[in-house]
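Engineer: Single-letter residue listing:
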Amino acid sequence: MSDGLSSRRGFLASSAVLAGTALAGCSGGTASSSDAVTLGILEDRSGNFALVGDPKHKASLLAIEEINADGGIMGNEIEVFDPDPQSDNQRYQELTDRAIRQENVDALWAGYSSATREAIRPIINRNEQLYFYTTQYEGGVCDKTTFAVGPTARQQLGTVLPYLREEFGPDIYTIAADYNFGQLSADWVKVLANENDANVLGEEFIPLSETDFSSTINNIQEADPDFVMSMLVGANHTSFYEQKASAGLDIPIGTSTAMAQGYEHRRISPPAMANIYAGVNYMEEVPTESNTNDGGFVDRYFDMYPDAPYLNEEAETNYFSMYMYKEAVEQAGTFEQPEVIEALESGISLGTERAPEAPEGQTIELDGATHHVDHHMWVMKADEDHNIEAVENRKVPETFLSETVGCDLREEAEQTQYTPVDYYQEAK
Amino acid sequence: MVNGVNLFFQFLDSFGFIVLSAIGLAIIFGMMGVINLAHGELIMIGAYGTTLSFNAGAPLLLAMAVGVISAAAAGLVIERTIVKRLYQRPLDSMVATWALGLAMTQMVRIIFGNSLSGIGLPLGAIQYGQFSYSMYRTLLSVVALVVLLGAYVVFTRTEFGIRARATIQDDDTARAMGIDTDRMYTATFVIGCALAGLTGALYAPALAVVPGMGSSFLVEAFVAVVTGGTSVLLGTTLAAGVLGTANAFFTNLYGTFIGQVAMLIVAILILRFLPTGLSGVVETVRGQMERES
Amino acid sequence: MSEHSLIDRFRGRFEGPNTIGNSRGFWVGFAVALAVAFAYPIFVSNYQAGNLALFLIYAILALSLSVVWGYSGVLSFGQVVFFGFAGYTFGIVTLNIQSTVGIMMAIPIAVGVATLVAFTLGYFMFYGKVTGVFVAIITLVSTIVLQTFMAQTAGSEWAIGKAQLGGFNGMPGIPNIALGVGETSVAFSGKLFYWLCLVLLVLSYFGLRALTNGRFGYAMVGVREDEDRVEMLGYDIRKVKLTVFTVGGAIAGLAGVLYAAWGNYIDPTVFSLTFATFPVIWVTVGGRESLLGAVLATVSLEWFRQQLAITGSEYALVVVGLLLLVVVLVLPDGIVPYVHEKAVSAYREYNDEVDRSVGSSTEEEIPE
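Chains A, B and C, in that order, give the protein sequences. Residue numbers for the first sequence follow my numbering, beginning at 950 and rising by one. Residue numbers for the second sequence follow my numbering, beginning at 15 and rising by one. Residue numbers for the third sequence follow my numbering, beginning at 12 and rising by one.
Hints in this document: simulated from the structure, not taken from any laboratory. Quick caveat: nothing in here was measured; it's all calculated off a predicted structure. Hints should not be assumed to be uniformly reliable.
What the hints assert, rightly or not - In silico BS3-like pairs for lysine-lysine, Cα to Cα no more than 30 Å straight-line:
id	chain 1	residue 1	chain 2	residue 2
1	A	K1377	C	K173
2	C	K173	C	K353
3	A	K1377	A	K1093
4	A	K1093	A	K1344
5	C	K202	B	K98
6	A	K1377	A	K1344
7	C	K202	A	K1093
8	C	K250	A	K1093
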């Protein structure tokens, strides 16, 4: 039987629960007011992807603040619905549903991983919601209301692989995370190797949870390639670079995933990242005027967030896509999503007064047919002290959907994802 | 084709990793029946303590000591406030420690951010032919053996150890004989946490130091503890040996994914066919041999 | 007279010492709450109904663990294995047979697969004399194996018929539940889907109430309390455990089908360690030995966690962790048994007071 003390404690505990629930209930259910535009920003600030998701959230808010300070979009102030999905796909589904059907967001930015994108795409498609997916990914999404504006694997690997082939030789060994993105990127390495007169000596796929790379390092030593292509993903895989340096493995490594997203070159002691070449559309160190000059993107970001550790690849994509949205709305003259999508499909360029140029470079363009971006790509090399140098840069258009597949969303509305194995023999 | 020398090094690496992942958990579970689901977070605290001190300028060994002490201190607080109320309720201790781990991971994220600058792996590489292996990671397998040996000595040869085992076997009698059982439980728990902290401290140079890093040790820890069976130290050693061999062998042949799966399947088979665990088998055999002689 | 005993007999099947709430007061309250639950979608939007439906699906999953753990003492982290198997099977069948007939076939097939998996795993464990915490560990390890395995099924070679397993990215395009054929078919989404989930939840709850209050229920509770004694009474405890485990698997499978249809999507995170732990958390907070507790705790906890996520506060996870900690420490039997106990003792005290005041007046009348 309960004595006085435990029943009092029990009472306190259950009333705490009830109070908490009631309080939480008060904060729920906010519908947007009709004369402001509401944008949904669902980015991870806790959980596995917090490291890479947090800068995305911050950069979106930076763009929104700049736009609001400048009078908003067509005179309307932007309001934000930005809960924390906690790197949890079920949470993403719930919050996306809420964003679309309760908060009535006019546009949605959501998710880091491709799995998240796929988890919420049914909800997005059902509601025909305008959706910007801003992470680098494997490519191939041809979807009427989705704008995958991050760089694709073909664009990224297609920048760095030819450069390394020229510099170091034709023999490649691929190491990749053992899931869709890693496997598809490895397929692209085979396609690009074929196009650049190189050979893939071997491929190795490593589960996302793996932290021990000793056998991988031995396999690389056995294969003895001219350079390694690495599509390792996540915190666990970061230890590869540490361990390879400690084992004395000194081979050049081309990557689409390291440094630009998780700033390993700042987190790991030199010289672990020496001779790593990142093929990316953006890193904090990209030397363009709009990025590194005084008052440029980097300055503005750290003014707003002085404690932020790094300004990563995806953050820049979140940033410029916000301006693309603004430009499209002002072109369309309305916030209605079908019209804005039409405006986006007619071609958006940045570098005007109402939509400044993207920090990665002046020449980027949104390809209306495929909803992807022709990016300005860079090859960024880290040296022994982890200083970053841009060794090559050029504009790389998206070619897989536009040329190989023939996806044109202006002509035919689709909701598909295409993969290289269906189009290239050598990817099999 | 299996490369013998590579396989040997990979086995040592796997063995060391499994032993160090499991030892803290094994002591707490084996001796007290408490399933500490915050084990990963205690490893994380050890790693954070080490990395923060190292980045503040301390030499590596001192930084590691700081890591161990941080984890031990955390263990002390946890035991005094939470775990001691849950000794008769092992399943509730599981839920409570899981909840605690959740809160701890997020608090560390809030206070220290999403990651810390890492410590580099010291000691360079062992070269053999066209291959090389990290000296440090090979050393960790030796450290693992030392830890096992040390724990054995403490729990069988010291007064403290004998009292601790007495308490755990029959705490009423132990108390009747004048042993302060509360302090024994606390001490054992703290030792388990200190060992978890040691694991974190030792692996901090080899891994990315992020709030969620503890979870990469959990699978191996739990699997080893359970396949090890009733005798804590013997069980952990045998489990690490068997599972490490399975892991290294299949990884060497087919890659890390198959290696992981093979290890887990071996564990399931052991659990199914040897319900008292690997150490249970050894003790049965030893008992039989004693009877026959 | 016969009408009275008919209701009593009906009620008798669902009442007993093994479940909370055997009085008329309880059933009246229950009926009111149920009426409110049924009326809910009428007053809220499609979104809110669909959102609550997800919590009802989780409640069904919690029930599956409640019967296995709370009533038979078998702690299983594996409920999500059956949940996931059913969800994936539902997806595979419906993506291959793309019609309402396909959907109607997929439901029993998926639940059947989950039941079979549960039976197999249960046989492997219980007939191998695996008990107690080792069951927990084996089920835990199986979730991890499944998650690692499913996460790498990314290539197009990993397809069953037209359905690609999708690996880490999951399997999208799973249709809503639909019943009927061709023109007369009804697709369940939004409010209709909510009602479907609610009906299934109530049926599961009553089904399990009947099970736990019947003869088999006493065997289950006996196994939980004292296995050896039950065995000596002639029960085959392995069979008891296996049966319960299989039933739990079937119910978890049902929840899995609903889940896949809710999000039109499923991915390997249903096998993750985190998600595998949730049913344990829900059932512990609600009261291990209480079916009703499992349901109420699941819905409130999940709703609470969602509200915290919406605030975007970085302390969301800390609050959840600390709250759970407090509940486990302070209310060892869970919230619902505690509340029930308080309610019952308060009611009794009230009755005693009434009796006393009535009694004192009668006492005066007794002549002495």
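Engineer: Hints broken by the structure, by number, lowest first?
Structural biologist: Of the numbered hints, 2, 5, 8 do not hold.
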